[in-house]
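Asker: In order, the protein sequences belong to chains A and B.
Under the working numbering, the first residue of the first sequence carries the number 59, and numbering increases by one thereafter.
Under the working numbering, the first residue of the second sequence carries the number 484, and numbering increases by one thereafter.
Simulated from the structure, these hints should not be mistaken for laboratory data.
There could be a bad hint or two in this list.
Computed footprint of chain B on chain A; a stretch qualifies when at least three of its residues, placed anywhere within it, have a C-beta under 8 Å from a C-beta of chain B [unchecked claim]:
id	region
1	169-180
2	191-205
3	222-233
4	292-299
Beta carbons: idealized from backbone N, C-alpha and C, even for Gly.
So you can see what is in the structure, the chains are spelled out below.
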Amino acid sequence: MLDHILSLLIFFPALAAMMGFVVHKDSAKAYGIAVSIIEFVISLYLWFAFDTNVSGMQFMESISIVPTFGINYLVGIDGISLFIIIMASFFTMIGIASLGDVKKMKNLVITLLFLQMTMVGVFAALDAIVFYTFWELSLVPMLYIIGAWGGPLRIYASVKFFLYTFTGSLVMLVGMLFMAFLYNQATGVWSFSILEWYRLILPENYQLWLFAAFFIGFAIKVPMFPFHTWLPYAHGQAPTIGSVILAAVLLKMGTYAFIRFSLPMFPDAAVFFMFPIAILAIIMIIYTAMVAYAQEDIKQVVAYSSISHMGVIILGTFALNVEGITGSVFLMIGHGIVSGALFFLVGVIYDRRHTKMMSEFGGLASVMPRYATIFGIMMMASVGLPLLINFVGEFLSLLGFYNQSHIVTLLAGTAIIVGAIYMLSSFKKAFFGEVTNEKNRNLPDLNSKEIIALVPLTIIAVWLGVYPKPILDPINNSVKSVVMLMHEKSITEEAKTRIPLLEDKTLMQTPQAEVK
Amino acid sequence: MLSHVNISLQSLNISTLVPMLIPIVGALFILVLDLFKKDQSKSMYVMLSLLFMMLDFGSLVDFSLSFNTNGTALGYFNMMLIDGLALLAQFVIVGASILFIPLALTSKRFHEFSYPEFFALFLFMIAGFQFMVATDNLILIFIGLETASLALYTLIALHNRSKSFEAAVKYFTMGALAAGFFAFGAMILYALSGSVEIHQIAAVFNADEFANLPFILVAVVFLLASLGFKVSLVPFHTWAPDVYEGASASMAGYMSIVPKIAGFVVIMRLFEFLIQSGVVWLNVVLYAIVVITMTAANIWALVQNDVKRMLAYSSISHAGFVMAAVLIGTTQANSALFLYWILFTFTNLGAFSMLWISRQKNLAPGQSSDHSYNKFAGLIKIAPLSATIMALFMLSLAGIPPFALFWGKIYMISAAVSAGYIVLALIMALNSAIAGYYYLKLIVYMFMKEPEIDIDSKVYTMNGSIALRTIIGFAAIGTVFAIIAVNPLIEFITAFVYNSGY
């Protein structure tokens with residue numbers, strides 16, 4: 059059972075989705091909740107069975123699919139992917155549980171379960187083609203969610219989302235095929251296994267091109283400035299459940315892929331592009347924060363602030379040391395929890411008033427005190443208040459980059475503080491002061507369904523803010539082995555000095571083949 | 484006085500003709516049967532044709548077993564060349580025909596299927612394509628090509644709509660021009676080398692190091708135009724959308740698969756040595772044709788209002804995509820061509836069958852053409868299963884993993900990357916992104932829009948019969964579970980292609 063727990067975790071929702079076609083439409087939601095609870099319990103069991111002292115891959119499974127071309131169904135997880143998988147199953151669960159009355163509920167539940175398969179699959183895949191398969195497949199359910207349940211511009215937004223990401227990932231696919239070709243040149247066999255690619259040392263020239271090809275795929279997904287233009291549309295038009303999953307999990311695929319692919323495979327290129335990317339990240343933080351400040355629509359504020367914080371994750375990742383990368387992985391979790399919760403909260407008010415314009419609100423704190431409290435906590439977490447979840451990740455990310463460059467870190471730190479302004483001001487506009495709009499006078503506070511979704515998120519946000527150790531340790535362990543591998547593999551002097559040498563020899567993996 | 488020529492029957496190796504003779508005998512048999520007992524049900528003719536094609540397929544299996552042990556077989560004055568390429572192509576031709584002929588068993592009556600001549604012509608056409616791929620003699624290629632084409636023109640016209648006549652005449656006139664070009668190109672090659680067999684032409688040219696290059700280039704231009712017409716490469720593609728629109732959906736689907744694989748094999752045989760010759764001009768021309776075919780067809784497909792025309796342009800684009808294999812010319816690329824085309828057969832078969840099953844006799848008000856996009860608007864609400872299956876084929880055509888065409892696509896792009904054609908690989912990848920838009924457009928119509936025109940929900944499975952549903956189910960299973968078949972296919976194809984020296 060334990061040997062195949064990952065396959066179970068990946069394909070159980072898909073199987074359940076297929077069987078869901080038979081379930082009567084009135085029971086579809088209950089069915090979805092039941093399935094996603096089982097899935098969440100399995101993912102918790104995964105955490106329980108996970109050996110936190112091991113830094114490498116665990117629960118690995120391998121089935122050969124196309125042996126002549128080196129494609130295997132290869133899955134496994136380490137500390138980096140474990141918590142993102144748990145987060146994915148958690149969000150699917152509370153997402154389905156908090157669904158209000160939507161049309162075509164059954165289709166939505168089935169789509170969400172398929173989406174869950176692709177999400178878990180992406181984070182568990184250790185074979186590039188399997189990764190690519192789930193990566194592309196995740197676009198289809200999301201396309202349907204935005205396109206069928208979204209706002210007035212939903213078709214434009216969903217097609218834009220699909221084509222933008224699809225184009226980027228095709229460039230990445232060429233990069234993957236080239237990487238496989240290089241591996242074939244060096245060793246004489248075809249392989250798409252990421253773990254085997256890790257052991258291949260590439261000349262800097264190849265690294266730069268391959269890094270660029272993968273970068274296009276990942277950067278569009280994150281989305282990094284200037285590839286971010288699809289996201290505000292997608293968020294603006296998506297239904298609440300779509301925005302929540304998009305922000306909490308799907309965007310993390312990009313940042314996760316940087317750590318899984320780009321850094322260990324092309325360490326010299328990562329060092330080479332460190333500053334350009336850091337500058338992009340800072341532009342992303344500042345620019346999107348300013349755009350967020352100018353928004354009238356509260357959902358757009360949350361959307362832009364979500365992009366803005368993704369910049370910090372990128373910055374931490376490209377610190378290329380243990381603190382930075384650990385921080386960025388932790389921040390992925392934090393960002394998922396917080397922005398997921400914020401989109402939920404926006405959805406709550408949209409359900410009541412059918413508008414997202416901030417000018418329509420004001421004084422909500424006196425009408426909906428519980429709502430305002432949770433919104434306040436999440437907003438504080440979002441701007442990085444100490445003792446809340448995002449602070450840990452942001453602090454570690456910046457600490458990491460501080461070792462590489464003081465000035466860039468200073469800029470980024472200032473940008474985050476500036477970023478707090480728009481959040482606070484929009485919070486003030488919506489929640490404080492007198493109730494000016496009569497329609498807001500009698501709004502009901504959070505109902506039990508919403509509390510079920512939001513209270514666990516609040517608890518996690520506070521708990522991991524105060525005591526992050528349970529998940530920080532396993533992440534740290536796995537990140538260490540990534541950094542060691544990068545140091546070991548790098549060939550330029552610059553990279554050897556930028557990527558720190560760690561003392562812990564037990565984590566060592568030796569590179570095996572080299573392309574001349 | 485001519486001396487006696489002694490040829491032993493043994494050396495003729497008549498058995499190499501067997502795969503082609505089976506459909507010819509079958510066709511004559513059907514005609515003779517019609518003389519004695521008229522007005523038989525079409526189901527009998529379908530089953531008879533199916534039986535003959537299965538016999539044909541069986542004989543091919545037999546040949547492929549002997550190819551594994553004995554290698555390439557020559558026969559009939561060395562005109563027949565049964566190598567791996569010939570066998571693979573015949574497998575595709577006969578296999579696709581077996582899948583397509585049951586589409587004649589519609590529940591609604593269509594006039595063309597009531598003639599036994601339809602099935603006789605169909606079998607003659609298959610024999611023609613088989614001759615075309617199983618030889619490297621330019622004259623026999625020409626005969627095969629014309630046999631098949633003349634039969635095909637008639638089959639299109641038999642659909643008996645005004646648009647079908649237009650299509651058939653258009654295809655015929657353009658085809659006649661292409662045939663002329665082929666004859667002219669072959670003539671120049673013969674004049675230069677004194678032979679009509681491709682391998683001898685190659686030997687002569689290599690011996691004198693392409694001394695008559697200008698003439699060779701003229702011949703190549705003619706041959707490229709003629710074969711480019713057959714496989715619908717831009718700029719010789721103009722017939723394709725109109726002919727597809729005029730032909731019945733099942734015939735259009737057939738045309739997008741079988742004639743093209745025959746054309747590709749001839750192109751491969753002909754251009755293999757020309758590409759290797761080191762004449763830069765040839766590479767540039769082919770490169771340009773490949774890129775333009777892929778890109779231009781994709782862009783035209785974006786603006787179509789009719790699903791069938793969209794699929795026509797999409798097949799042109801796919802033809803450009805696999806044409807890249809000829810340009811790349813490695814064993815992996817040539818294997819990728821066959822892999823791609825086999826997977827494409829399943830997906831395209833499915834897509835066109837889905838159109839065929841919803842063929843209307845009368846258009847609803849507000850409907851501009853038989854398969855207009857707005858006919859499919861909101862299909863998920865009216866016929867969820869049809870919508871899901873159609874979406875599956877569209878996703879496969881767009882190259883979304885893990886559906887069938889994705890595996891062909893990565894193998895082809897990988898072949899390009901491995902041979903150093905990185906820019907070409909990128910262009911191929913980006914073209915898939917453009918293509919994604921128009922396949923997505925149909926999905927958007929089906930899943931995200933409200934029904935636009937008042938149409939009877941029965942229309943979407945109007946022609947449905949057990950035979951059609953079986954074929955569609957078969958295509959859908961092939962599309963979804965292609966991954967299981969990919970490895971054996973690659974091994975099988977690579978062995979055949981490699982052992983034929985390509």
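Asker: Please go over all the hints and tell whether each is borne out by the structure.
Answerer: Results for each hint:
Counting residues of the region 169-180 of chain A whose CB falls under 8 Å from any CB of chain B gives 0; the rule of at least 3 is not met. With 8 residues bearing a CB less than 8 Å from a CB of chain B, the region 191-205 of chain A meets the requirement of three and the coverage assertion stands. Only when three residues or more bring their CB closer than 8 Å to a CB of chain B does the claim for the region 222-233 of chain A stand; here the count is 6, and the claim holds. Taking a C-beta to C-beta cut-off of 8 Å, the region 292-299 of chain A contributes 0 residues in contact with chain B, too few for the three needed, and the coverage statement is violated.
Checked against the numbered hints above, the structure violates hints 1 and 4; every other hint is satisfied.
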